[in-house]
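For reference, the chains in residue letters:
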Amino acid sequence: MRYQQRTGRTSVPGRKVQLATAAMLLVATTMAACGGGQDDGEQASAPKAPATIPELTTDPLTLSFIWFDWPPAQALEDFANAEYTKERSNVTVKVNTVPNANWHDAMFTQFAARKTDFDIAILDSQHIGEAVTNGNILDITDFVKNNIEVDAYNPYLLAAYGQFPQAETGQRDENASLYGLPLLGDTWTMIYRKDLIGDKPPQTWDEMISVAEKCQADNPGVSGLAFHQANGSDAAAVTYNTVNGVYGGNLWDPKTRKIDGVLNDAAGQEAMDVLVNKMKPLTARGSGNWFIDEVNAAVAQGKACIAFNWIAASGGLLDPKESTLGTTREQILDKLGFATLPSQKTNLVPLGGMGMHVSAYSAEANQVEALNFMKWFQRADIQKKWAAAGGVPSRTDALSSPEFLNAGPFNQVYADSVPRMRDMWNVPEYARLVDIENTNVNAALNGAKSPKQALDDIAKEQQSVLDSSGRKGGGGL
Amino acid sequence: MSDPVPLTTDAGQVAAAPSPAPGRSRRLSDRGLAVAFISPALLLLLAMSVFPLLWALYLSFTDYSATRGGPARFVGFGNYTAVLTSAQVHQRALTTLIYVVGAVGLQTVLGFGIAYLISRRTHGRGVLTTLFLVPMMLSPVVVGLFWRFMLDAQFGVINSMLGSLGLGQVEWLTRQRTALISLIVVDTWQWTPFIMLIALAGLTAVPKYLYEAASIDRASEWFRFRTITLPLVWPLLLIAVLFRAIEAFRLFDLVYILTNGGPGVSTETLSFHVYKVAFLGFNTGTASAYGILMVLVVIVLTQLYLRYLNRLKEG
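Heads up: the sequence lines are chains D and S, in that order.
Taken in order, the first sequence gives residues 338 to 814; the numbers are from this note's numbering.
Taken in order, the second sequence gives residues -16 to 298; the numbers are from this note's numbering.
Just so you know, the hints here were simulated from the structure itself, not pulled from any lab data.
Possibly wrong hints are sitting among the right ones.
Said to hold, decoys possible - Not close to chain S: a few residues of chain D, all C-beta gaps over 12 Å, as computed: (1) Thr394; (2) Ser514; (3) Asn587; (4) Gly625; (5) Ala726.
To be verified - One-sided and incomplete, this derived list gives chain S residues near chain D with beta-carbon spacing under 7 Å: (6) Arg51; (7) Gln137; (8) Ser147; (9) Gly149; (10) Glu154; (11) Gly245; (12) Gly247; (13) Thr269.
None of the values given here were measured: they were computed from a predicted structure.
Every residue gets a Cβ at the ideal spot worked out from N, C-alpha and C, and that includes glycine.
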């Protein structure tokens, strides 16, 4: 009897029951997986943070950040654990890092899951639009009004790292909402070899190119220029945007959301021509995939006359263990100079750096602690200590303080660059816009496209991204 | 020693009919037991594999975005039409095709060649096979990273060797043609041992008496290879090629580490492009349709290939 049961086929009603059970299981799994779907609509805009900080917990708490892996991340963790714990002894600060290329994905995949293992996201200024539109970070407008001395900042710095909709270059809209506060200011610095081109840095972009050309010709084995060209992160895009700004171009018209015809106008084309036909020939062979580390390596090994890099990533250049330019910091500084970018038709420089943004999905106690940390971090005395620890503050008083200006040879460059900064597009479509620009500029720099073709393709493809919001299907292509 | 088991029982016990051993409850029949045993694995498979596939299929007909949230709007075949008609997708498909044909073709020739040479050795065969298998055991990310250093135009060992031979520097990873060739070479370095291993198994299984008979007939080396070795190893080799082609079609990791799709997008494969669609703009619906189409392509091509293999066997 048993054998019959084992080998025989289940009766038709039995099979129906099994099929029905399997279907129910599938539906149940589906329902469970989509359980959070109903919340989605409610979280279409950023939730508000309290205007005043509620009572803080006395239980042990780990305040987690997410950033990409570079020296300032470790500096922040060390600084916060040394200083913040003096006031909040139950708190441990942990700065989780991911490779730069995964930074956006690491944050936004967690945002997509509506659950984050970080309390404070360190967002690039351009990420704010995407995070705000999706309701991923707290609206801290009221919190800022009650707790932060907004007049202590250059208005554009406050706006660039927190305001949405995006601020106009150099300005802040006081009626706009704020979603973050500055953590680390940054811009490009020009790094030049004083022993090869002299103590005085070039003042104009054209002069810089001719000086680099001469230096390369006079010093075999040393390339005239080193700059970011890679197609990952925002490397090649920032390079083009910088040259575009210096030659009087614009990335877009934010009011009409027009890119095609603006980016690739005469100024934009001139900038692309300068980048590809005048600057690229002065770089090392095979440097078409260089980013921060590769540029630093070229400078440290004495292989570049003039280089461009983010200030926050330049500290390692003064480390004798990593440099062939000298055995002491002083010897290296005898050979390396740091200057603001040369100007040409304008004196614009790229806005770098990041702000702190509170995750909307963090536990309430952690959100409160995050707000308290941000308030603490923006205090005048703490900003100066952050400067002394190697950070780049944003408060005006800290920027002009000896603690900051004497902490590194490039800090004066940052202070001088603040009024000259320009950002990219701060819109929800940022990740796709920057990828289009990155890949096309990289293609032009590596001979895969002509400069004009690359620029026209960028303008056309970016415009199509901005215009495709209402398209039915196929978004993302 | 245990006590001896009594062979007899008292009369009273004999008189009473022995009660059957307590059986399993009726609910736990053999079939029920089987279901109970396989259901955890089945549920896991359902949750981890079948459900995501069905869910992706559902999303592929919507404009859902994982980060934007909100309800998923039904867009019919809009995503599929967009993917199939996109010039960007066509470009990545061509790149993937060149890559698959180049890498798998090279691996097959080299893998079979190495296996053939090893099979003819009597000494050190085991050691040689083990050594050749090492690249296959490494993580593709590790392989990508050390090849990236080796292929670096400025500091890489490959250019250094070329320099010592009096040849010029080659921009392996930053020029359109050399970047794709570099990817093919690195993939070949890693996966030739796979083909070699399967080919070696096939070669070892060829009966010796066939070669002996051919020798008696004074058949040439080439004749023996063409009429005995190749026909017998061919079906097994084709299965190895099928596995490699499917793997190569899904290539992502080496591209990500070595070229990041560059220069421009010239080494972006279909998988890499799906990743960008899915995670840069979080266009989940489009990415799902894109992924489903890739699965369909693999299934259809595999079916055609298997039919050919079956015909080959029947022949």
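The hints, checked one at a time:
Distance check on D:Thr394: its Cβ is at least 29 Å (rounded) from any Cβ of chain S, clearing the 12 Å threshold; non-interface status holds. Every beta carbon of chain S lies more than 12 Å from that of D:Ser514, the smallest distance being close to 19 Å; the non-interface claim holds. Against the 12 Å criterion, D:Asn587 stays outside the reach of chain S, whose nearest CB is about 23 Å from its own CB. A Cβ of chain S approaches the Cβ of D:Gly625 within 12 Å, the least distance being about 3 Å, so the stated non-interface status is violated.
Every beta carbon of chain S lies more than 12 Å from that of D:Ala726, the smallest distance being close to 32 Å; the non-interface claim holds. At its closest, the beta carbon of S:Arg51 sits 6 Å from a beta carbon of chain D; the interface hint therefore holds under the 7 Å criterion. Interface hint at S:Gln137: satisfied, since its Cβ lies 6 Å from the closest Cβ of chain D, which is below the 7 Å cut-off. The interface hint given for S:Ser147 is violated, since its Cβ lies 17 Å from the closest Cβ of chain D, which is over the 7 Å cut-off.
Of the supplied interface hints, the one on S:Gly149 is violated, with its beta-carbon coming no nearer than about 17 Å to a beta-carbon of chain D, more than 7 Å. Against a cut-off of 7 Å between C-beta atoms, the interface hint on S:Glu154 holds, since the closest Cβ of chain D lies about 4 Å away. Nearest Cβ of chain D to the Cβ of S:Gly245: about 4 Å, under the 7 Å cut. The hint holds. Using the Cβ-Cβ criterion of 7 Å, the hint placing S:Gly247 at the interface with chain D is satisfied: the shortest such distance is roughly 3 Å.
Nearest Cβ of chain D to the Cβ of S:Thr269: about 4 Å, under the 7 Å cut. The hint holds.
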